[in-house]
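There are 2 protein chains.
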Amino acid sequence: MYRNDGFRELERQECLRLLEQAAVGRIVHTREALPAVLPVNFLLEQDGAVLLRTSAASELVRAIDGAVVAFEADEFDAAAHSGWSVVVIGPASVVTDPAEHERLVRTGPRSWVRWPVEVFVRIKAELVTGRELAGGRTMYGMDLASRPVT
Amino acid sequence: MYRNDGFRELERQECLRLLEQAAVGRIVHTREALPAVLPVNFLLEQDGAVLLRTSAASELVRAIDGAVVAFEADEFDAAAHSGWSVVVIGPASVVTDPAEHERLVRTGPRSWVRWPVEVFVRIKAELVTGRELAGGRTMYGMDLASRPVT
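Chains A and H are the protein sequences, given in the same order. Be aware that the first sequence starts at 50, since it is given in the working numbering, and climbs by one per residue. Be aware that the second sequence starts at 50, since it is given in the working numbering, and climbs by one per residue.
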């Protein structure tokens, strides 16, 4: 969360409620010492953990298994200048327990693409932050609307 | 770009055409040694550089000025399982030349929020990658549709 940017900070529970509505989020990590970002569909677990389902052979899995990553989802209305953004930060790890894997095959997120061998990756929600721009302010150079952002 | 993930890679010019249509993208960087991501509105320059306008006092500016960052934009249709994602990677730097700053006040991106003192930040497009999921495949466990994703 950055200060001085005109957004309202969201509480953890507000963040999780918004995340639940999102179909796609973005995994932010490091790849070959460069910042990397990849959109994925996901399922939110009750404690706020983010669950992904992807190819066991994917480079993404190698890049993030055991690493601390960020997961971001957002929704903006460009015309209204409003929207929200939520970021979950925590360690990502492949689900290795066979019983849990089997359970997630039935109850976990569905892949948009069919993989030969799949794995589930869980991102623990150690840090959950969010911000909302309520709209009502207009573009730079125009008058401020009456509804404050803060 | 990750291999083995069922997406089609996009050429640089395709990427830039898609980026031009997007109103909001996400700056991916590092903040206090953790992955960080922040949505912003932006303007694409002719050479593919990404131009942002934000508060001079923002922590974002301090975090990214002089650093190599990623900038991502995407659009997905969750029902059709289709969409695209483009990532620009390059160094971010605050525009310090007064004449260029003045020019950008008139021609640059418009802020969604009004700041007391504004700066422009340019992300050079040293590396531009993109991926597209054409849709047509269905969820895991169902039949593949006839249109290949390749």
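By construction, these hints were calculated from the structure, which means they are not laboratory data. Careful: at least some of the hints might be erroneous.
Rough simulated footprint, nothing fancy, chain H against chain A, three-plus residues with beta-carbon under 8 Å [what the hints assert, rightly or not]: (1) 91 to 101; (2) 115 to 128; (3) 137 to 146.
Across the chosen pairs, the derived CB separations fall in these ranges [what the hints assert, rightly or not]: (4) 140(H) x 115(A): 45 to 55 Å; (5) 66(H) x 154(A): 36 to 46 Å; (6) 145(H) x 57(A): 26 to 36 Å; (7) 146(H) x 114(A): 43 to 53 Å; (8) 159(H) x 166(A): 27 to 37 Å; (9) 126(A) x 111(H): 20 to 30 Å; (10) 156(A) x 159(H): 29 to 39 Å; (11) 81(A) x 63(H): 20 to 30 Å.
Glycine included, every Cβ here is placed at the ideal spot set by N, Cα and C.
Tell me, which hint numbers fail for this structure? 1, 3, 4, 8 and 10
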